[in-house]
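Engineer: Spelled out from the first residue to the last, the chains are:
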Amino acid sequence: MRPDWRFWFLAPMTIALATVVLFPTGYLFWMSTQRWVITNPPRRFAGLDNFTRLFGRDDFWQAMSVTGLYLVLSTVLMVALSLGLALALAGTGRGVLRAIVVLPMVIPPVVAGFTWRFLLNGEIGFVGAYLLPMTGLDVNLLAEPRAALVSIVIADVWSRFPFMFLIFLAALQSIPRDLYEAARMDGANPIHEFLFITLPMMSGAIFVALLFRLVDTINTFELIYVMTKGGPGRATQLLSLFGWDMTFQEYDFGTAAALGVVMLVIATIGATLMFRRYQRSEREMSR
Amino acid sequence: MKLSTGLFSSAMLCLAPAAAFAQTEVNIVAFAPGFAWADLFGATGTEKTDKLLAFEAANDIVVNIEFADEETARQKVLLDLISGTGNYDLVMLGSDGAVQTFSYAGYLEPLDGYLASATDYFDPSAIYPQFLEANRVNGQLWALPYYSFGAGVIYRQDIFERYGITAFPTTTEELEQVLQTIKDGLAADGITDVYPLTMRGAPGEEPSLDLTGFVYAYAGQPAWFEGGAVTPEEIRETDARPTFTGDFRPGFETFVRWSQEFGPPGIATHTWVDMMNLYGAGKAVVLLPSAINGFAALGGTENEDVRNHTAFAPSPIGPSGQPIQSFWTFSVGVSAFSDNKDAAYRTLAFMTGEAAMQGFAETIGWPYSTFPSITNGPLLSAKWPAETLAAVEASYEQANPHYFPYIPELNAFMEQIGTAASEAISGTKTVEEALADLQGWADETMTAAGYYDN
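As you go down the protein sequences, you meet chains F and A in turn.
Counting in the working numbering, the first sequence runs from 1 upward without gaps.
Counting in the working numbering, the second sequence runs from 288 upward without gaps.
Just so you know, these hints were derived from the structure itself, not from any lab.
A few of these clues could be false.
To be verified - Per the computed footprint, the stretches of chain A lying under chain F, defined by three or more beta-carbons under 8 Å from a beta-carbon of chain F, are:
#	region
1	362-369
2	401-414
3	487-496
4	644-655
Stated by the list, open to error - Now the stretches of chain F that chain A is said to cover, found in silico as 3 or more residues with beta-carbon under 8 Å:
#	region
5	30-42
6	118-130
7	133-144
8	221-232
9	245-255
Beta carbons: idealized from backbone N, C-alpha and C, even for Gly.
Between the sequences and the hints, there should be enough to build the whole structure, so can you do that?
Structural biologist: Right, dumping it as structure tokens:
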């Protein structure tokens, strides 16, 4: 049997996808098997040595734990803020407020980073040098390790929550009103409505938002680079900054590629787990 | 007949522009438009001034410059060199890592053989020799210096006088006492937002240039490897192991302690920009050892006290008898992959020669120049006190550009040393812990790089 000729229409997209996604990914995997340090030429095959070297480094594990902490803190804060604002602004006649909420999304992360850096600066920043001392809080937000982590979480949430807010808002507005009316006739209060109608009906949107959040966290770079450069010390050094250091400061391309593979695997496993969880909850709901 | 005439005419038309554009193109990547070569590319970095056009016409060379922010420019250089494309004939480098790493990797063209070919633009005998020395690796010259500086201190004379200090201290021991006096004086006056000292302690390579200068002043040698070994050959021949928990420690510990005791609270994340802003805002009394960042602050500050009461002093002498170092050149090298190396060198000579540095002095005006004739020339002499210029010049003479090892792994070491300092300053690690980790990393890195037999 001859294959359907119409499949040829998929060829351009398949070629494009192979060029911009599959080839770089394959190249990354290939690089991760090479001992490629420009200070120690020539490049040679190293098998899994780069992974062994990577896993043996304390600063890798520190970057892992900082990334994990950052993911949890920023996700919790972002979901709470986005969902709260989406619930508050889902009604009609709140267009101006919604536009204001979405405003940070159009500010590039580098600009947001510089703004936050100068706001929080402990010597000359409006918040760090004037507002906080007035409240009696004697902490340098960017120089004290824990405060620095909290500071970048706040800046990141501020910069990226509008996207999650828009996803939640769209999901909220698509829930049929008659479900709420029927529930109210059955005696449901607003908490019941939220728990048994809103949340379940938004589970798909929440899944998508969390998926984006996971990928965002793993890729977050410029905002933190501008605000703290991963410091003080390594207190805010996420995996992405660790990889940048390894590539452009240590010139160790092989180990940096191994880190890229690890980040890819983490993102894939995370996304798969979330997807399975989502599918299971969908099945449970449909029963 | 008509057809052949037409074809001939068309061919000539096509060839005519080709002949007009037969000049050699030299491509450069650099950072800081409006600062670097403003006399050639204008304030925006996108123009071609008459000076540049005259050079192009005289040499049949077209100079194309691509400006980017510093990090992006460095990344472009790295990616162009490792891929061997030769897109950039001239590449921007720094004498604190890139010159060493890229020359050992074979990415740069050695320049000694070219020096005699463009003395009309760049006369190597007319420059301060230390700036050339900073760009020599294993005796060979790999880049020419443009904007460059030596160590020094910039400080607030009025605040010194207020607390009874009449002269800037000459030793690190005296300076520590003076910083304490200033700290006590500021506290007694209820001034909480002015700090005795500003330095840079951000993670990464940023603090390393200054920090290793402290180490040199305390140890009297680079103190990264046993016996003060500074080249791969010395390290291999003497089996010199890293000494970060040994001789390196006193200078490192002093840098960290001074930062914690006398510096601003955010110093563990401060870059040169923060040093500059802080000094310019009148919130720091002493800036060292890269005084250049203080001079940068003077140009932009609106603070009258800072502008009127700032003085320059030589870098203080450490216990070893050596001054604290901070020596750097913004260098430019010829890519080994360039197809136009001769034209590239000629352009490089033009862009780093005396006339170019005179242009830099005219547009920027800082008391730093790579040529004695400009330091002592009418332009800078009219702008700066004679003692400042003499002290700046003396700082070059006292400098040892090789105050840190010239090894291929230099960039990675600078990164790790700076981050260790940031960790210690911020308190996430003690000095002992930070240095022990650094020692472990250095042992592993040098062993993996094949320096040691066992």
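Engineer: Does the structure break any of the earlier hints, and which numbers would those be?
Structural biologist: Structure breaks hints 2, 4.
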